[in-house]
Structure formats: C-alpha cells, structure tokens
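Asker: Protein chains in written order, with my numbering: chain A, 1 to 351; chain B, 1 to 351; chain C, 1 to 613; chain D, 1 to 613.
The set of hints was computed from the structure by calculation and includes no laboratory data. You may find that some hints are simply not true.
[What the hints assert, rightly or not] Partial list, computed: chain D residues near chain A (C-beta under 8 Å):
hint: 1; residue: Leu-54
hint: 2; residue: Pro-55
hint: 3; residue: Asp-470
[What the hints assert, rightly or not] Computed footprint of chain C on chain A, listed as stretches where at least three residues anywhere in the stretch have a Cβ under 8 Å from a Cβ of chain C:
hint: 4; region: 45-59
hint: 5; region: 118-128
hint: 6; region: 201-210
hint: 7; region: 262-275
Virtual Cβ for every residue (Gly too), placed ideally from N, Cα, C.
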Amino acid sequence: MTYLVKPKFRHPGLEKNDLGFTRRDYEGAISTLCAGCGHDSISAALIQACYELNIEPHRVAKLSGIGCSSKTPDYLLGQSHGFNSVHGRMPSVLTGANLANRNLIYLGISGDGDSASIGLGQFVHCVRRGVNMVYITENNGVYGLTKGQFSATADRGSKSKAGGTNNDAPIDLVGMALMAGATFVGRSFSGDKVQLVPLIKAAIAHNGPAFIDVISPCVAFNNHPGSTKSFDFVREHNEAVNSIDFIEGRAEITVDYAPGTAQDVEQHDGSIIRLHKLHDGYDPTDRVAAMNHLQTHHEAGELVTGLLYLDPNPRDIHGFLRTVDVPLNRLGAKELCPGAKVLESINDEYR
Amino acid sequence: MTYLVKPKFRHPGLEKNDLGFTRRDYEGAISTLCAGCGHDSISAALIQACYELNIEPHRVAKLSGIGCSSKTPDYLLGQSHGFNSVHGRMPSVLTGANLANRNLIYLGISGDGDSASIGLGQFVHCVRRGVNMVYITENNGVYGLTKGQFSATADRGSKSKAGGTNNDAPIDLVGMALMAGATFVGRSFSGDKVQLVPLIKAAIAHNGPAFIDVISPCVAFNNHPGSTKSFDFVREHNEAVNSIDFIEGRAEITVDYAPGTAQDVEQHDGSIIRLHKLHDGYDPTDRVAAMNHLQTHHEAGELVTGLLYLDPNPRDIHGFLRTVDVPLNRLGAKELCPGAKVLESINDEYR
Amino acid sequence: MPKPIEATNDFVVKFANVNGSGSASANEMFARSILRMGVPIATRNIFPSNIQGLPTWYEVRVSGEGWIGRRGGCDLMVPMNPQTWDKDVASIDQGGYLFHDSSKPLPPSKFRADVNVIGVPLTEMANSRYDNPRDRQLLKNVICIGALGALLEMEHGELEKLVGEQYAGKDRLIKPNLEALGLGRDYVREHLRNMCGLRIVRSDKVGNRIFIDGNDAAALGAVYGGATVAAWYPITPSTSMAEAFGAHCKKLRIDPETKKNRFAIVQSEDELSAIGTVIGAGWNGARAFTATSGPGISLMQEFLGLAYFAEVPAVIFDIQRGGPSTGMPTRTQQSDLKICAYASHGDTKHVLLLPEDPGEAFEFAAQSFDLAERLQTPVFVLLDLDIGMNDWLTKPFTWDDKRAYDRGKVMTAEELEAGKEFGRYLDVDGDGIPFRTLPGTHPNKGAYFTRGTSRNRYAKYSEEGHDYVDNMQRLLRKFDTAKKMVPKPVVRQAMQPARYGAIYFGSTSAAMDEAMAKLEAQGIHIDTMRLRAFPFADEVIEFVNAHEQVFMIEQNRDAQMRMLLVNEGAIDPARFISILHYDGTPITARFITAEIEARLKAFGKPTRTRVVS
Amino acid sequence: MPKPIEATNDFVVKFANVNGSGSASANEMFARSILRMGVPIATRNIFPSNIQGLPTWYEVRVSGEGWIGRRGGCDLMVPMNPQTWDKDVASIDQGGYLFHDSSKPLPPSKFRADVNVIGVPLTEMANSRYDNPRDRQLLKNVICIGALGALLEMEHGELEKLVGEQYAGKDRLIKPNLEALGLGRDYVREHLRNMCGLRIVRSDKVGNRIFIDGNDAAALGAVYGGATVAAWYPITPSTSMAEAFGAHCKKLRIDPETKKNRFAIVQSEDELSAIGTVIGAGWNGARAFTATSGPGISLMQEFLGLAYFAEVPAVIFDIQRGGPSTGMPTRTQQSDLKICAYASHGDTKHVLLLPEDPGEAFEFAAQSFDLAERLQTPVFVLLDLDIGMNDWLTKPFTWDDKRAYDRGKVMTAEELEAGKEFGRYLDVDGDGIPFRTLPGTHPNKGAYFTRGTSRNRYAKYSEEGHDYVDNMQRLLRKFDTAKKMVPKPVVRQAMQPARYGAIYFGSTSAAMDEAMAKLEAQGIHIDTMRLRAFPFADEVIEFVNAHEQVFMIEQNRDAQMRMLLVNEGAIDPARFISILHYDGTPITARFITAEIEARLKAFGKPTRTRVVS
Ligand SMILES: Cc1ncc(C[n+]2csc(CCOP(=O)(O)OP(=O)(O)O)c2C)c(N)n1
Ligand SMILES: Cc1ncc(C[n+]2csc(CCOP(=O)(O)OP(=O)(O)O)c2C)c(N)n1
Ligand code: SF4
Ligand code: SF4
Ligand SMILES: [Mg+2]
Ligand SMILES: [Mg+2]
C-alpha cells in the first residue's frame, strides 16, 4: 500500500519537458506533513501536471488559507510566488491577485475546514464572480492542523477518532460549486493520480473558475473505520463517471474509440478533453443533470468522481469587468493619471 | 393593485383567537419602510399566521441582521423580545438563543444581502446544525437599506435601477437550504398571502430548521423592467408546485379530495399539511427530486414556489446534543455546580 | 416679541423635509445660488437610517466671513415636514423666522410669539398651477426656493442660471422650473416685502474654490493616485465614495483604443472579502483600496494584521460614523482612531492620514497609494460622515504633471538577473523597509512565500525567537521611517506668545478656525496644531511639550487621539485638557469656544503668570 | 573541562524529541515522579505548528525552592532528535550533561569538550529485548526514563507506581513497562554510577498542590461557574480549553435521571459564529462562553462592539499566542491586551481578568460569569499559551458551597406584574447598570427590542444626540462600577521602603516572584503589584504614584499594559520603565533580574537618595 509511505518525487535522470525544465524545477520545499498524508500526493499530482503542461513555473501564483492543506503550496513550485493568507479567506485574496495581473495562472489550494467551514461564503462568492483559477480542496473531513475535529464536510453520523459522532449535515463542495456557477467541476481522490493529473491539467487550461474537490485522507486523524474519508472507505465507494485524457491543442489526435464510449470536448484555448465514459449516459456538459446525478448517488452512499461538469466556453471576471488586456499592475501614471488639465475642467464641474 | 399602497392592518372589531388575543396583540411598532415595500406584506402574513395559530406572542423570539428586511421584527409581535443583531450574523445569534431556551419559537428574519451576501456561511451552517426555527428571507435582489446595489440573489444579467448589469451568478437560497439539510423548505411571494400564511404556519409547527424564501420586491430600487425581482416579473414567472392548507393537530379532517390531487403530511406535533398538487408528480418529501425540479425549472426561467420540501420527522439540534428538557437558562447552581466535595476528588486526579 | 434678527451674509437656513420626498435638488439649488453670488456657505444634510418617510434636514450656513464649520442654531426655518413641525419651530433662534407653507391654516399654538412667521401658500399655488401630482410635488419645492430667494433679496438670475444648467439637455423641463421660481419670487415681492431681516449680497469671498463632498473628492484622488483595483461592500457613509470612484473611472479610465477598463471594481460579499481582495491585488502589484466605515473596520481586523505583518500595501478609506456597533449610522464621529491605529491582535501600528476637508481628501487619497507602496503596509485615510457626505467649499484640486508615482522598493527582473541580493525581509537600507518582488517576475530568482507566520529575513518559515524579534523590531524601524513621510502637522502661532496650545484634526478644522478667531478677538491666545497623520512627526511632541496645557479637541467619547499621543509620544496626560464632542452632529465653533472659555475661567485668567510648573 | 555541575533539586532537564513520536507520555511520567518525591517542578512543552515530524522539546525545571517560572539554560539534555542534535548539544550549560542514546557511534565532533557525556544504548537495549517495532519505540522511551531516574538517584518506586496508575485497567501493559524501567535503571547502576552531579532528594515542598494546565483549570472553572452554552472554533492554544470543558461536562453535568446533558457545546464554523452564539445565549439568559486566541479575537470585533453597546453578557477566554497575524501559533505572548480592552470600532471599554496560573484560571473562569451577568457586558479571561497548555503546580481548587451565582439585574415576571418600572437602559441604581428581562418572561410587560443602534432609555430607536450621549455616559458609569467588582491587584511590599515599584500580570508571575527574591537578596528593594483585572482599581493608580519609577514587565513588544495604565489612569508615562519580553518563550527570572539590574545601574545605585523629582 504505497500510500502509507511518504510519497517521494522520482527524478528520472535529466528528463526535460518541452521548455527544458525537469520535474525538479516544479518541486518546492520539503513537506512537513505526516508521512502518508493524502495532501502530499496531491502536491505530487500538481507538480506532474505543471511539468507535463510545460508551464513556466514562475508564471503560477499559489494561494492558500491556513491548515495542513494550505501549507502545501510551499511544497511545490518553488519558483512561484506563494501566499499563505488567513484561514478561510484565500478566495478573496486570489480574486484581488487575479485582478491585478490577469496573465498568471492562479492556483488556490485549500482544505475542507478552510473552504467549507470558515470559508464557505468566500468560496461560493469567488466562484460566482467567475474568477479564472484552479481551486482545489484537499478534503479530509477534519481539521488536520488543529488535531482532528470534524469539519463541515464530515458526513452526518461519521465517527471521529476520539469516538464522537458528527451531527451536522455535510456540505458537499462539489454541489456548492455547481450551484455557484463554477464552469469546471471535478472530484477526485488523492490516491488516484491517474484520474487526478489529467483533471488538473484540464482545469488549468480552463478559462474560468475550475474547482476540484480531492478527497485526501488524513492519516493522523481520519483514516479509521467509521470515517467516510478514509482510504479504505473512499476506495470502496468511489464511483467514477468518466476518466479523462487531456490533449493540448497542438497535439494531433490519432486514436479512435468505439462510438459512444468517448466524447471530445474542446476548451476555449483549443485543448481537448477526451472523456471515457464510465457511467452510462453521464453528460458532463449538462449542469442540471450533473447535479441530479450527484445528489442521487450521494444519497445512495456513493462518492461520484471524475470530470463532473464543464462549460467549454466560460467567461471570466475580466471579461465581465471588461478590463484591459495589459495586466493592471503594469499600468503607470501615463495610463492611469488623467493629469492637471483634465483636473481643471473637473474643478469647473464643482462650482 | 393593492401592493402599491402601504398595507394597513385591518382590525375586525374585537375578533379574538382561541387564546383571547386580537390581531392587534400581534402587531408591533409602526413600519418605517417605504410605502408598498414587499417586506410589510410579509410582516402582515407573519402576524396573521401567529394569530391564527393561537401563539402566545411573548413566546416568540424574533431575530434579525441588518437591512430593511431586518428592521421588520420591530413591526410585528410587539410583546415578543427582538434582537436586531449585526449584518449577516443573525443565524449564530439565533442558534445561541435557541440553545439557551428550547421552549420558545424562534423567528429569524433576514434579507438576501443579509443571508446570501455577507451571511451565506452563517445561513448554511445554522441550517446544517438543525436549529429549530422559522427562517425567512425577504428576498428583493438588492440591498435596500444602502440604496439598491445588487445582492447575491440578483440574477446574472438583471439590470439595476441605475442602469448596471449584474455579472455574478445568482445564489439560490432555496437550493442552498436543501443542500444544507433544511427539513422544511418553501418559497413564496410577498404579494401572495394566500400561499404565504399557511406556509408560515406549517413552518412554525415544524420541529427543525424551516426555511422560507419570500420574494419581496423593493419598490424603491428593484421594481423596474429588467429586474427579475419586480412585482410584475414575479407574477409572470411564478410557478407554484402546490398550494397548502395547514391543519392543526386537533382539528378534525372532514373534506375529501379527488384522489391524486391532495396529499396529507402529518408533522411531528400532529399537525397536518394538506398539499394540493398544482404540478404533476411533485413530491415534496423527496429531497433529491425537489432539487432536480428546482434546478430544471430555474434553468427554464421559472420561479418555483410552494412547499418544496418537507421531512415530517426531523431531528433538531437539542435532539442531536441531547440537552435536558428544561431550558438551560432555567438551571441554577443546584443543577450546574458540582460542589466542593466533588472538587476535592477532582484535585486528587491532578496530583 | 424680541427684535427680528437682522443679518447680511451671516445666518443659518434650515429645511425640514421628509426622506425620499424629492426636496433635495431644490434645496441644493438654493444653496448653490448663494455660492454663485460669491458668498461662502456650508451645507449639511441630517438624514435618518431609512429610505423613505422619516425626517431629514438640510442646513445652509451663509457665512460672508467664510466660516464653513457647522454653526448651530437656526435663523430661518423652512419646516416642510408635519412630523417634526413642533421640534423644528422650537429650534428657531429668538427673533428668527419661520417660513412655511400657509396653504392649510394652523392653530396659533403651532407658532411661537418670539419668532417671525412668514407664510406662503406653496401647495395652493402649485396645485392651482399644475395638474400632475408629481409636478405639483416637485415644483412646489421650486416655488419655495423662488420665494426664499426673493425674501433674502438674492439675485433671481443665479437661480435661473442653475435651472438651465441642471436641466441642460432636458430642455422641456426648463420652462416649468423657471416659471415656478418666478411664481415664488412674485408672491414674495407682492405680499411679503421687507418681512425678513436676513439678506444675501454679492461678494467675492468664494473665489475659485469648488464645492464638493469628501467622498467624491477622495474617489477622484484615488483615480489620480493610480488606484486600479477597488473592492468594497456598501455601508453608509462610505458607499458614495466607492460609487464615485466607479463614476470617475468610467469617464477617466477607459482605454481610448479598446474602450476597455483600466480599472476593476468588485462589489464584495462583505468587508472581510473586500480587504482580502485589496491585499491580494496589493501583493500582486496593483494599487488597490477599499472604502468602509466602523463595522467594516471591525470585520477587517484579522486581514489588517496580515497586511501589517506580511507587509502588503493596502489603502483603506474609513468614512467614520457614530459608533460603537451599528451605532448612529447616519451621524458623524471621529471614533475609529484606536481601532485603525492599532488594528488587529498582537503588536501592530498602522499609518493614518487625517484630511480636514474634501480638498485634503483628494490630496491624501492620491498620496496614500505612494505611502502604502513605499511602506508596504496598510494606510488608512480617515474621513468622517461630515466631510464625506456633505459638500464643502474647498480650494480647487491641483496636480503636478511631473509628479511620478512612488512604487516603492520592488526588485525588478533585471536587478535579480544582475545578481542583486534579494531577501524579502532584509533591511538593506536601514529604514526598515525591505525589497519585495512581484509574482511572475523572474524564472528562477526572487520568488518567495508570503505568510502571516514568523519567518526569517529570507522569508523562510521560522519559529526561532530571534528571527521573530528581529522582524518585529524592523517593523518598528519602518514605522519610524513612516513618521518622516506622512503629511506634517500644521501649526498656527497665536498673535501673542501663548501658554496654551490646542490640537485638533480632521473635520474639526473648520469649526476650530472659527473658534480660534473668536477667542483671539477676545484676547485669548492659543497656539494650534492640526494633526494630519499618525505616526506623529517629532514636532507634534515638541508642540505639546512647548505648552503648559494643551486643549485636545476630538469628536469621540474616549479621547482616542489623546491616547495615541500619550502612548506614542510618552507625554504626560496631565498636559491635555480634552474637549470632546460626540453626539453625532458636527462640532461647532460655539461649542469649542464655550468649552475653552469655561476651562480657562476655571484655571483663572489666561493672561496671568504661570501657575502650573 | 569545567567542573561538572553539582546540584540537588535545582536544575533543568530538557528532552528533545520528534513531534508525534510518542515520547510525551514517558517524559511526563519522569516529571510527575519528581513531584511525587515532593520536589516542585515546572514543565514546558515547546512544540511546532505541525502534527508529525518537526522538533519538540520538553523542559523540566526541578526547583526545591519552588520557583516555577521558566529558568532558561539546560543542565541535562536528552537529545532524541537527530535533526536538532547540534543545536541541542550547543544549548547545554558549561559543565552540564548530555544524556544520549549511544547505540550508534557518533563522531567526536558531535560532542562538546565542556559537557559531560553519558551514553546509554537505548535502541540497542530495546531492540534486543522487544520484537514488535511499536514496542521497541515506546519502551525505548521508558528505558530512558528508568535510566534517568537512576542517574538522578530518584526513587524507582515512584516511577513504578506511576506506571501502575497510568495503565490501571490495562494490566497487560504494566509488566513490560515496569521491566523497561528496570532495564534502564540497571544499566545505569551497572555502568554509570556517580557519573552525574545532579540529584533529586525527597522533599515536602509540593504540599497539597495540584499539577494541571490552565486550559483544563479554566474549563473546570466554567463548569463550576455555571456555564451551559459553549461555542468555539478550534485554534491553538485554546482548543484544549473547549475540549476540556466537554470532557468535564460529560462527567459532571449529566442529569442523573434522564442522562441528558445540562450543557450544549457547538463547534462553530468560525469565530464570528462562535461569539454570535455566545451573545445569543447570553441575551436569552444562559451563561455562555467561547475560547479562542488572537486571530479569533480579531474576527469577533464587530460582535464584541454589539455586546458592549447592546449590553449582553458574554465570556471570552483568550489563550494568547504570539501575534500579530498567524504569528507564532505555538508560542506564548501577552499581546492581545489592547485589542481586548478596546475591542471594536467606536468608543468601547471591556473588562479583562488576568489569572497568573491555572489556580486563578479556575477562579476567574467561575467569577467571569458572575461579572458578565452583573455588568451585562463581555468579560475576557486572558490566559496565554504558557499558562494554558503547560502543567503548573498550583494550590488545590476550592469552592464554597454557600456561594450563589450572581445572575445580575434580571426583572422577573412577578416584578413586572407588580408594576415595577422597566426601562431597558434606565440607570435605576446610579451604578450605570440597567435591568434587563429575558425573552418569554411576561405576556405583555417587559418585552423590548435589542439593537446595536442608538436608542433611548426605554430601548426605543432614537437618532437624537442627547439619547445617544446619555447612554454612552451611562456606559462609562457602568465601567466605573466594574472597577470595584473585578479582582483586586496584589501588592507585595519590599522589606525596606522602596523608591521603585514593579507591575506585572498573568504568567509573568512565577518568574517575577523568583526575580524579586533574588533582587531582594542582593539588597535591591522593589515594591510589586500584580494586576489581576482591567479596569484598574484606584489602588493601582495610587501604587504607581507612590513610586518614583515603576518597572512595567510585559510579554509583548509595544508595552500594551503600560498604554492602558497611562491612558486610563492619566499617569505620566515617564514614570514607567518598560521591560519587554516577546520572543515567544516564557519570560524568565534571569531576564527580569538582568534587565532591572541594568536599568538600575544606568540610574546609579538604587540606595542613593532621590535623584528624580
Ligand atoms: C481565524 C482562525 N481560526 C482558527 C485557526 C486554527 N486553524 C488552523 S488550520 C484549521 C483547520 C484546518 O482545516 P482544513 O482546512 O480542513 O485543513 P487540514 O489541516 O485538514 O488540511 C484551524 C481551525 C486559524 N488559523 N485561524
Ligand atoms: C458589517 C456591515 N456592513 C455593511 C452594512 C451596511 N448595510 C446595512 S443593510 C445592508 C444590506 C441589506 O440588504 P438586505 O439584507 O438584502 O436587506 P434589504 O434592505 O434589501 O431588505 C448593508 C450592506 C452594515 N450594516 N454592516
Ligand atoms: S494531520 Fe492529517 S492532514 Fe495534517 S499532515 Fe497529518 S495526515 Fe495530513
Ligand atoms: S428601500 Fe426597498 S426594501 Fe427598503 S423599505 Fe424601501 S422598498 Fe422596502
Ligand atoms: Mg481538512
Ligand atoms: Mg435585499
């Protein structure tokens, strides 16, 4: 069971991506999380996705709140700027950062406590504004960093390590994101890199609010029988609706699939998401149907994963606000200051 | 069009309810809202519901946040204690009040700004804890008290009086309440007292978190063409799934209905909600189906109203927390203080 | 009957209206026409926390001498709101005038024997002339203004000119308005000649000054100061600042080619989110601000501590209102000093700018962005409702086109490439201000991790006490540097050497000028200092120490500025005599002089030799 | 090689471990066995903001004289964490001891010539005796304790007794633990006789004191004080207080008949919600509290202003940590004074209680509910991480069964029925405290509307300045009343009349006692006053005024308590000499004495005649 050992980043020699970066160029500081923590696997998946996508590491800005999960931006993309802000309020900080410079890739990393408990309001509002970002929750159903209290995503009736029972109805972040108007919504599992890496890649290519809820077991406080966020539980109840390949725009498409088993969706930037349907009739471009599917299967105790919803032609906040193409942080007095002459005529209006 | 004149409470002589109270005993201070404001009609509906339900006025506690809507608790039930707290945080205050005394009726009155913008987190979390209350949002899609900015329930693309367009995806409070585990969820319209009064009565009888979203046009700032919260728009798009009669436990049931057209649901306290189906196959006890119906019809531009969901056997927060039956605020040192002798043995444990 | 008040260019007119009844525009036209006659005025709206139906007042102080603080009292009352009639009539100064709509007869008990009653049948006139109820309501107000103008012997032509300007483009409306003005004027000329001892005569005291509210001015200052990102949540009395920023941007900040916006305004879901967005934008190199009031400042506390400790530029406009809690949301106060100066838990100190009027609101708004980026810290611009929501006469705005924005210490890709050492929290210049880099600057140099936790000079997480202390001490050095950068205090020496000093700030300024002139005229000499910023420049402390006793005038209950002075300046509190005005109305010269006189009387004559050592 | 340190019952042992490695229970057993020998100890955990893998330390100060402040330095180091070996070895006092696991040979460079090395092959011993890896890990720690006990000549029987107590009920575990203890002891007896100059001999200095952490004590105090509603959001270092309250309630607050709970605990979604729930419960007549730390206090600001202004009882436990921002979440500080004392925008003042140790944390916790209900206002109980999360020796808790809860001025249905006048904000008794009623009390009397806006004495909404001022002044009177109700300061007169005073509070107490004894022994006489609450009783101001200079000892950067004293007491700041310790570690007697000595040296000898007037 590989997930019990601390994930190690393998360095296959000097293998480089198209930009000439090795995987190491996408790594960060050494993780201080518990050995086996699901969050470290997500960091590894993010590193891999960025490496494979040929992203210039410094063109990513990593933002987070507070928690074990929110520490992880430090453990990846060491050449990117990071901002470990305050608990539950990363979405607003990310919004501001994005407004200041529309040309970077924004990676918001959060926990279930950070986004569903204290941060629920900010999470929903950030999504509804259409901020172009990849927002990932590393969802373990507990507050890891404060030692294992239930978070708002813990299922009603699930048991804590200390023996307590959760009474409160759970918050389904995927449902919330869908209701709030996210245009890319996925769910995955920290233990399933094969599913997770292409999801992340597709999310990065998405030009709008992309949300991925990643179930990420806490080995220290929420990996026991009775937990619905343990490795075992997730493995047993995982119901993937699809598996995806992410194909960058320029790649040629060669393989053929039996009709009805795969669906290609082209995103705004020309990239293609190839969906291998695992669940009959699931159409991830139908938001209402997606929500219904989720609710029905959640009621049945299943954990639905995969690319759950995608609007291939989203608009982002800069589109709504009609901001100029140049990042706002590059504008100087020349562009911004109307000058003395204009001021004189403004004075006249107030006489 | 009666809604354009300031609603006046009619005092039909000395007509008294079973407890000997007249309607006037359920009134409050004179409203300072704009003439024609939807909120005043909701106050009138609340007064009527309490009168008809034979509630002792002082056994109600009214709580609110800040806004025009949040002022209304002052304008009804003058013999009840009220608490106009801070903006967006009424749910937590109500939770505390409820914990202190489980024997009162808790009426939470809020606005769309108060509950969907600043207060979204508290709203959802209060509901998921199963607080026994009637929670009403007087939803006008704007911040009335600060003069007409869009609130988070404004539909994308809707126009402000000042000419702006709303870019953000709307928050559907009914959807949120359903996702958060509310066990009674309704939507109504301030202009439809016939629908609203029995809904309120049934919500009061409900022993868990009951939520009613009442569309309540703001005549000052959001009643123009282009608004999706105007009187005209709501009248045109209102799609009631059912109409209800609320029958108190002791009342005898005499009328018969054609099979399939009515459904009786008995609540925990023995009261009966008789649902007259207006929409084929709508079953308000099926949460997932209710959500699906809502989403589908919302997508089609309809405003679904009526009793949308009901769990007739809810558990409330006191049930979850196993608190004693006596209100906690009545317990004294005798029940609460373990005393000197016990303390001595506790000391021993720390030696 | 006392003698009717006689006054030229020096009196107070007060209109009592119903909120939402549409009287505002006529009242403002009345006020502005006085200005156009070259006579200084000060106007103040007193309004409720309500949208429609509750009482509002509009005060016009006419002051040929140019005193623009609130005066208090009322010489001419125009009570158009039956709800408040009694109170309004009671508030007229003895010998003053009651100008009312005499269409409906009122019993004598509704009047006062010591007040001159002037009746004009406004409703009757409007109703007999107009059919449409809306016209009747609106034009009644215009008739009223026409009549008042005539009563005060104002130049009718100025009123007419204003009608023309106001309805430029809507020419259809000009005629009826002009007619209504004339109706009012004619009625007075016919029936009420010489009824009123108050008059306005043309003057040249207005000069080139402009008449603008502080929120509008601050918003324009933010445009000139290069703000590109604004995030805000509506709250009285700050809402109009954010809205004015949007309005100015729509005119001044559109890319001429693409027609796209050189700004981004987000209406946030609450104040936590607003300040978070400002911090995110500031971190990423845009000039960003929020506008709010007391409750918003309370909600921003956690984030403000982050910005202080992680050293992120941010500008916060706090348009102060009556606190605590929801308090008096439509009244003025200077009561957010402590919560701004020491915002957030732990040890913090923040920069405050304290404009005295809309003119300085413009200046300081523009300057705040330079300071925030230079100091890499939150900068508060503290207005109050009185400055923010009332029109003030103020010197015209100026801008030096040679003025460059100070973007502070931002290390560039070139500098990094050239091997310049980068340590995010390294005090390279001894001023406590480190260099920062912006995200995306350089492929492999200068990236760092921003956090609210303790860290070493190279931004690496550290729980070592010495790293923490090193950083906290640098922050103190930085605050010391700020002292020299913020606007200097303004000192006014009394005509004779003075034992007493007086310190004041913000919107108190106008009333203070007037009070000091009055006291000086009585032979009471007091040096004054107007604070314009926190931290305090050294001369602030020197000023206090140079005076035996210092009157400290504030618009709050707890003498908050005194606390800051005593604490930061290590001044003996015994030196201060607090004069506190905090009922939510703007402070007046009358109040200040009365308070100072009373204290001086208690001490004995101010001209005596030193009694305190 | 310097002389090996020789000491009996007076030294510091420090364990260096890896977080999450399970060493805590063995270490605590070691500490407690010293207590059982009647020898006072003080223990402190130094831990990271992390769950597993980073370094932690456990300090045991053995002090026959009973000094329980942190001492600093280290006489015997037990470095079990290879990550921090170098730093740990470097931190040993000259002539001290390095007790290490000698299973793996280390190069000489890893040791120090001036430190005595004592090696025990712990891993080897454990591995050769046990097969299961978990046993090996856990029992290695026990072998270590057995060895240490022998080295220090402790009574082995006390260790054995503790094993028995710890595993009572899990008898299966007793034997291997006893055996491991024995293994360690035997190894030392055999190979390491007389290697160590440190020893522990039985004493009677512990007496009947108990050993408990402040969070646990405060939680128990809340149970005794009648708290029924708790709402909280996890945050270090306050989490264990809320959790301890739950644990105590489960034992002490179950209705014996129904088995139902006489308490309700809500884990809120954040701190805004937590304080909202406390205020709702307080408004409705339950005793309610929250527990939090700095960031939580920042988030609660808006609500705290509401509770102040609307006058709702609430108790807030602030377990202070290193600020500002996220700061040093696992370090101690006293840096939330200003944000608590003046919480929220506008003019506010709040009651603070300042326990010195877990004993007072229990007392003040219980008392805080009486004060909150009597004063109808928020009451803060300010602990810090040092008190809250470390076990302290403290006098046993006591309770007087005759003590009744003071539920404050709550008007009953009977009183209302009897026609007693009820005005929610009416100062009937001249103490500034009005009567309140609880919801649901009476069918048609006494209901009122609670709001954060200005209102008149009968709780009716009012925007009148005089109503507002009247209310704000009453709140000041109420705060004055609070002065007489809060715990009095504790004064200690020096053995000779003293020119100097020293003021301190909270967890500084233990270090201060020790420092003063040392200084007194050197002939330096200083009167001391321990503050126990804000607002300050009159004697606090008198104490300051009675001394030429007052040392003000605080664990924060900005001398926050000095600010409160200067501001509220109108004291000349020049009277104070601030001694500030704020690196996140608990203050020590060594630090205090060194600082005071240095200042006195700078002034000249303290015994000289008055030089300052
Ligand atoms: C305002 C505030 N309240 C509380 C905390 C304490 N705190 C730190 S992390 C955390 C919960 C983190 O939970 P989650 O986001 O699920 O992250 P995880 O550790 O489980 O990955 C809490 C409550 C804080 N840092 N700030
Ligand atoms: C913390 C805080 N921020 C802002 C405000 C200003 N404010 C008062 S009411 C309100 C919005 C009310 O909107 P809604 O809840 O929809 O009520 P409505 O007036 O529309 O009925 C706002 C923003 C406030 N009182 N407190
Ligand atoms: S406590 Fe849980 S979430 Fe935190 S690092 Fe350990 S395993 Fe991961
Ligand atoms: S502003 Fe709108 S919501 Fe407020 S009272 Fe007027 S109509 Fe109602
Ligand atoms: Mg978590
Ligand atoms: Mg609204």
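Asker: For the region 201-210 of chain A, does the count of residues with a C-beta closer than 8 Å to a C-beta of chain C reach 3?
Answerer: violated (count 0)
Asker: Counting residues of the region 45-59 of chain A with a beta carbon closer than 8 Å to any beta carbon of chain C, are there 3 or more?
Answerer: holds (count 4)
Asker: Quick one: see if chain C covers the region 262-275 of chain A, three-plus residues with Cβ-Cβ under 8 Å.
Answerer: violated (count 0)
Asker: Holds or violated: is the Cβ of Asp-470 of chain D closer than 8 Å to a Cβ in chain A?
Answerer: It is violated, given that the least Cβ distance between Asp-470 of chain D and chain A is near 38 Å, above 8 Å.
Asker: Does the CB of Leu-54 of chain D sit less than 8 Å away from some CB of chain A?
Answerer: 6 Å, holds
Asker: Would you check chain C against the region 118-128 of chain A, counting CB to CB pairs closer than 8 Å, and say if three or more residues qualify?
Answerer: Holds: 3 residues of the region 118-128 of chain A have a Cβ under 8 Å from chain C.
Asker: When the nearest CB of chain A is found for Pro-55 of chain D, is that gap smaller than 8 Å?
Answerer: With Cβ-Cβ at 11 Å, over 8 Å, it is violated.
Hints 2, 3, 6 and 7, counting from the list given before, are not met by this structure.
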